[in-house]
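Each chain, letter by letter, is given below.
Protein chains: 2
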Amino acid sequence: MYSLDINEKQFNDWLDEVRVFSEEFLRELPKKWAYKNQEKFLLEKKSPFLEPHAFRDVLSEFKSLLEAGGVNTASGKFMGYIPGGGVPTAAIGDFLAALTNRFSGMFYTSPGAQKIENDLIKWMCELFGYPETAWGTLTSGGAIANLTAILAAREKVPFPLWTNHVIYLSSECHMTIDRALKVAGLEFIATRKIPVDLNFRMDLNALEDQMSRDAREGLRPWMICANAGATNLGSIDPLEEIGRLCQRHGIWFHVDAAYGGFFILTNRGKRKLRGIEFADSITLDPHKGLFQPYGVGAVIVKDRENLRKAVSQSASYLAETNSSEISQSDYSLELTRHFRALRVWLSLKIFSEKAFEFTLNEKLELTKIAREGILRTPGLKLIVDEPELSVLGFHAINNDVTQKLHKEILRRGKVYLSTTNVRGKHIIRICILSFRTHKAELDICIGEVREALAAIA
Amino acid sequence: MYSLDINEKQFNDWLDEVRVFSEEFLRELPKKWAYKNQEKFLLEKKSPFLEPHAFRDVLSEFKSLLEAGGVNTASGKFMGYIPGGGVPTAAIGDFLAALTNRFSGMFYTSPGAQKIENDLIKWMCELFGYPETAWGTLTSGGAIANLTAILAAREKVPFPLWTNHVIYLSSECHMTIDRALKVAGLEFIATRKIPVDLNFRMDLNALEDQMSRDAREGLRPWMICANAGATNLGSIDPLEEIGRLCQRHGIWFHVDAAYGGFFILTNRGKRKLRGIEFADSITLDPHKGLFQPYGVGAVIVKDRENLRKAVSQSASYLAETNSSEISQSDYSLELTRHFRALRVWLSLKIFSEKAFEFTLNEKLELTKIAREGILRTPGLKLIVDEPELSVLGFHAINNDVTQKLHKEILRRGKVYLSTTNVRGKHIIRICILSFRTHKAELDICIGEVREALAAIA
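Residue numbers (my numbering), protein chains in the order written: chain A, 1 to 457; chain B, 1001 to 1457.
None of these hints come from the bench; they were simulated from the model.
In this text, all values refer to a predicted model and were calculated from it rather than measured experimentally.
A few of these clues could be false.
[What the hints assert, rightly or not] Straight-line distance between alpha carbons at most 25 Å, and here's what the computed DSS-like set of lysine-lysine pairs gives:
#1 A:Lys32 / A:Lys439
#2 B:Lys1414 / B:Lys1032
#3 A:Lys9 / B:Lys1354
#4 B:Lys1270 / A:Lys46
#5 A:Lys309 / B:Lys1182
#6 A:Lys407 / A:Lys36
#7 A:Lys182 / B:Lys1182
#8 B:Lys1425 / B:Lys1407
#9 B:Lys1009 / A:Lys32
#10 A:Lys439 / A:Lys414
#11 B:Lys1009 / A:Lys270
#12 A:Lys156 / B:Lys1182
#13 A:Lys9 / B:Lys1031
#14 A:Lys182 / B:Lys1156
#15 B:Lys1414 / A:Lys354
#16 A:Lys9 / B:Lys1439
#17 A:Lys46 / B:Lys1354
#18 A:Lys63 / A:Lys40
#19 A:Lys381 / A:Lys414
#20 A:Lys270 / B:Lys1046
#21 B:Lys1354 / B:Lys1368
#22 A:Lys439 / A:Lys381
#23 B:Lys1031 / B:Lys1407
#24 B:Lys1439 / A:Lys45
#25 B:Lys1009 / A:Lys63
#26 B:Lys1193 / A:Lys309
#27 A:Lys439 / B:Lys1009
#28 B:Lys1063 / A:Lys9
#29 B:Lys1182 / B:Lys1309
#30 A:Lys354 / B:Lys1009
#31 B:Lys1309 / A:Lys182
#32 A:Lys31 / B:Lys1156
#33 B:Lys1368 / B:Lys1270
#34 B:Lys1032 / A:Lys9
#35 B:Lys1439 / B:Lys1031
#36 B:Lys1045 / A:Lys354
#37 B:Lys1270 / A:Lys45
#38 A:Lys45 / A:Lys63
#39 B:Lys1309 / A:Lys193
Generate coordinates for the entire structure from the input sequences, incorporating the hints supplied.
Right under this line is the structure:
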């Protein structure tokens, strides 16, 4: 009774129920709320795992937990944060990865799994025009990717010299960069947040002024971290200029392209991201621009040796696993790890790069339409005239009205939008990066904004 | 043609093929090799994703990549490293997590997903007799869990004082501890590897002697890191004594129980792990003792504020996500993250704690049988008389024969065993922690060892 062994019949029955669940989930998704408020949830008083439960009951408990509320991040009407919906091919990839359970950390233990991840990494390096020396790794998300990049860069500056060095960040940099610095023990080195221009791009003059001041004080530049798609409003820093500056001064150039990186598949993206090839390290998030479910980031580093030195290790019980082929464990902060490459590989294989290019282009087009929609709505203003990628910020006549408007949009729950705060202004954000967001969903979004605005008038 | 949208029919067809794949995979698994050598694999010359592929073709490419070789980590005859096979319920959990794609980082965005993770964390805290103040988080594996624990402990020692402090580790500590120290910028603090006794447990006298020497030199103890199931041979350090020592001196006590922690579900485990409740932080790996697929670790911390201070953050675009309920993003190094709690929760719900207790007990019993088997084989010796948990080390008459023996076992490929190196001796390891390893698989293992021994004689 208490075994973990499953017979064929049982597993088949479960898969039947999973199929029914999936069909229903996908069929009903377009009709579902994008946001529903849920304020409280009591934790179980005693262990929830004392007795075995029927599969059907567990599945329906899961369903009711999903239904309870929150943000419906799989919906095409979820435009609150950047991640991109989660293509169902990835769910199949995760299923197969878990069922077959190969260890994707070393070539020796699973050459096939390793080839899948290695092909992906190579593909990413080539996308960004990186040379043969480059390599990278898949991470659980952008936070660990940024951390990994910072560790690679830290290899350039030996410990006692840390306090002598400076890192330059855009004031729009992602919060995980600050945390990565803290994690890496660099919380106390000089950190300069460089102001941004009207379009939220790092101000080059301010950067150079700050660098000169620091040089006069005997500080040495260590790293510049630029955004290629800042989370707030999608702004892209002047990559080419910063890249040349870094090259001239021998500074590590990191580009956090977690959000914007995969737009390089599109023509517009190629133009916007010009100069990213100067980067010593790039953070990418397949769970954003490749529309994967939550749980897969990536980092690529131009000179792989910097990455390897920062993270690789060995142990006596892994002696036989050495191989001339590339093992991800030499480039990753993880040892045992999720075979997350499979979901990405499967999705790219089935749909092809072209499908991702097409879908990313669609998001850029939809953003133009969203822009028009906001411009044509009396009482609303854009915070940036021309959105760089697929995030759009707008506000009402004053902060009070903007806040009321956002509350009303959420109360209605048909679409989910988020807010931010810039230059003392409350901003509502429309982030268009779900593969399920098409013209129809965007029309609903603009309609909702207008109706909510009318309702609070 | 190039869209990412999938119609119902298509997705259904794919699920049919996945079902066929799964049935075949599970049916053939018992007959499959545990290890097959694969020396080379060429990376794709050009992008492997240029054109779309039929689902069936991608699935069969994946199958042939699996078949190519490596270690069959899902097999019950895989006894090379610790991870535990991967219960198929977890595959279903991963599928559902990716399909529904809820963001499991914040209560606000997915109260249901958050409740699932929170119930799990609460359950883990209670398993180890932790007080109400405790909390923790699920990580991608033990490496990030150990890193997170070290960051929580680092909060106790402000930056400029680092160089004044000492960390004490068993010489058997896991390699990810050393790396976590390096990552955290603590590579250069005094690190003492304390020798182990004949059973590979940390030597208390040596520890106290070292601490006295360090105190005389003006160094202050910061942290003691003990093993509860060392990776090499499963040894458990004297937790109760070390715990009391830490309490007396106000030292952070970390227990790396990635391997051994969940044995606390068994009576023998409860005895062996006595004193673990003294720990300020504990690393656990559900992909080991809870038989989950690769990709889920955990860390719990006795005073949650230490964890929160070490990792929590905020950003303006997340303003509305504040909630009085617990959000994992306040306790995790990740922001967007895999909803890895679902696989564990689903497995525990369906099978119940009892099934895991039963299965862990079975592994302990099998280890006794393995011990007998080795003892009764002329020419082989155990490295530890009584294995503490479910890892067993043995060797032949000399290093040369041991190496030959291991090579022959791998060449035969029916079972997979690994090696290690201790006290100048080559050791072959039998790790019994797959839920698919039963008496029959163990008999095959012992049989293979004997036949290989005969073959090289």
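Structure-based check of each hint:
Of the pairs offered as hints, the one joining Lys32 (chain A) and Lys439 (chain A) holds, with about 17 Å between alpha carbons and a cut-off of 25 Å not exceeded. A distance of roughly 8 Å separates the Cα atoms of Lys1414 (chain B) and Lys1032 (chain B); the hinted pair therefore holds under the 25 Å criterion. Simply put, Lys9 (chain A) and Lys1354 (chain B) have alpha-carbon atoms about 22 Å apart, close enough for the 25 Å limit, and the pair holds. For the hint pairing Lys1270 (chain B) with Lys46 (chain A), the CA-to-CA distance comes to about 19 Å; that is within 25 Å, so the pair holds.
Proposed proximity of Lys309 (chain A) and Lys1182 (chain B) is supported: the alpha carbons are some 11 Å apart, at most 25 Å. Restraint check for Lys407 (chain A) and Lys36 (chain A): the C-alpha separation of about 12 Å stays at or below 25 Å, so the hint holds. At most 25 Å may separate the alpha-carbon atoms for a hinted pair to count; Lys182 (chain A) and Lys1182 (chain B) meet this at roughly 13 Å. Taken as a hint, the Lys1425 (chain B) and Lys1407 (chain B) pair is honoured in the structure, with Cα atoms around 16 Å apart against an allowance of 25 Å.
For the given pair, Lys1009 (chain B) sits about 21 Å from Lys32 (chain A) by alpha-carbon distance, which is consistent with the 25 Å threshold. Taking the CA atoms of Lys439 (chain A) and Lys414 (chain A), the gap is near 15 Å; set against the 25 Å cutoff, the hint holds. At roughly 36 Å between alpha-carbon atoms, Lys1009 (chain B) and Lys270 (chain A) are farther apart than 25 Å, so this suggested pair is violated. The hinted pair formed by Lys156 (chain A) and Lys1182 (chain B) meets the criterion: a straight-line CA distance of about 14 Å does not exceed 25 Å.
Straight-line distance between C-alpha atoms of Lys9 (chain A) and Lys1031 (chain B) comes to about 19 Å, which keeps the hinted pair within the 25 Å bound. For the given pair, Lys182 (chain A) sits about 14 Å from Lys1156 (chain B) by alpha-carbon distance, which is consistent with the 25 Å threshold. The suggested pairing of Lys1414 (chain B) with Lys354 (chain A) is violated, with an alpha-carbon distance near 43 Å, which exceeds 25 Å. Using a Cα cut-off of 25 Å, the hinted pair Lys9 (chain A) and Lys1439 (chain B) holds, with the two alpha carbons roughly 23 Å apart.
Between the alpha carbons of Lys46 (chain A) and Lys1354 (chain B) the distance comes to roughly 15 Å, so the proposed pair stays at or under 25 Å and holds. Of the pairs offered as hints, the one joining Lys63 (chain A) and Lys40 (chain A) holds, with about 17 Å between alpha carbons and a cut-off of 25 Å not exceeded. For the given pair, Lys381 (chain A) sits about 22 Å from Lys414 (chain A) by alpha-carbon distance, which is consistent with the 25 Å threshold. The suggested pairing of Lys270 (chain A) with Lys1046 (chain B) holds, with an alpha-carbon distance near 19 Å, which does not exceed 25 Å.
Taking the CA atoms of Lys1354 (chain B) and Lys1368 (chain B), the gap is near 21 Å; set against the 25 Å cutoff, the hint holds. For the hint pairing Lys439 (chain A) with Lys381 (chain A), the CA-to-CA distance comes to about 21 Å; that is within 25 Å, so the pair holds. In summary, the hint linking Lys1031 (chain B) to Lys1407 (chain B) is supported, as the alpha carbons are separated by about 21 Å, within the 25 Å threshold. As the CA atoms of Lys1439 (chain B) and Lys45 (chain A) are separated by approximately 38 Å, the hinted pair breaks the 25 Å bound.
Between Lys1009 (chain B) and Lys63 (chain A), the direct Cα distance comes to roughly 23 Å. Compliance with the 25 Å bound is thereby established for this hinted pair. Distance restraint check for Lys1193 (chain B) and Lys309 (chain A): the Cα-Cα separation of roughly 22 Å lies within the 25 Å cut-off, and the hinted pair is therefore satisfied. Restraint check for Lys439 (chain A) and Lys1009 (chain B): the C-alpha separation of about 23 Å stays at or below 25 Å, so the hint holds. For the hint linking Lys1063 (chain B) to Lys9 (chain A), the alpha-carbon distance of about 23 Å falls within 25 Å, and the restraint holds.
Between Lys1182 (chain B) and Lys1309 (chain B) the CA atoms are separated by roughly 20 Å; this keeps the pair inside 25 Å, and the hint holds. Restraint check for Lys354 (chain A) and Lys1009 (chain B): the C-alpha separation of about 22 Å stays at or below 25 Å, so the hint holds. For the hint pairing Lys1309 (chain B) with Lys182 (chain A), the CA-to-CA distance comes to about 11 Å; that is within 25 Å, so the pair holds. About 50 Å separates the Cα atoms of Lys31 (chain A) and Lys1156 (chain B), which puts this hinted pair outside 25 Å; it is violated.
A distance of roughly 18 Å separates the Cα atoms of Lys1368 (chain B) and Lys1270 (chain B); the hinted pair therefore holds under the 25 Å criterion. For the hint pairing Lys1032 (chain B) with Lys9 (chain A), the CA-to-CA distance comes to about 21 Å; that is within 25 Å, so the pair holds. Of the pairs offered as hints, the one joining Lys1439 (chain B) and Lys1031 (chain B) holds, with about 16 Å between alpha carbons and a cut-off of 25 Å not exceeded. Proposed proximity of Lys1045 (chain B) and Lys354 (chain A) is supported: the alpha carbons are some 18 Å apart, at most 25 Å.
Between the alpha carbons of Lys1270 (chain B) and Lys45 (chain A) the distance comes to roughly 23 Å, so the proposed pair stays at or under 25 Å and holds. Our distance criterion of 25 Å between C-alpha atoms is met by Lys45 (chain A) and Lys63 (chain A), whose separation comes to about 21 Å. In summary, the hint linking Lys1309 (chain B) to Lys193 (chain A) is supported, as the alpha carbons are separated by about 22 Å, within the 25 Å threshold.
Comparing the model with each earlier hint shows violations of hints 11, 15, 24, 32; every other hint is respected.
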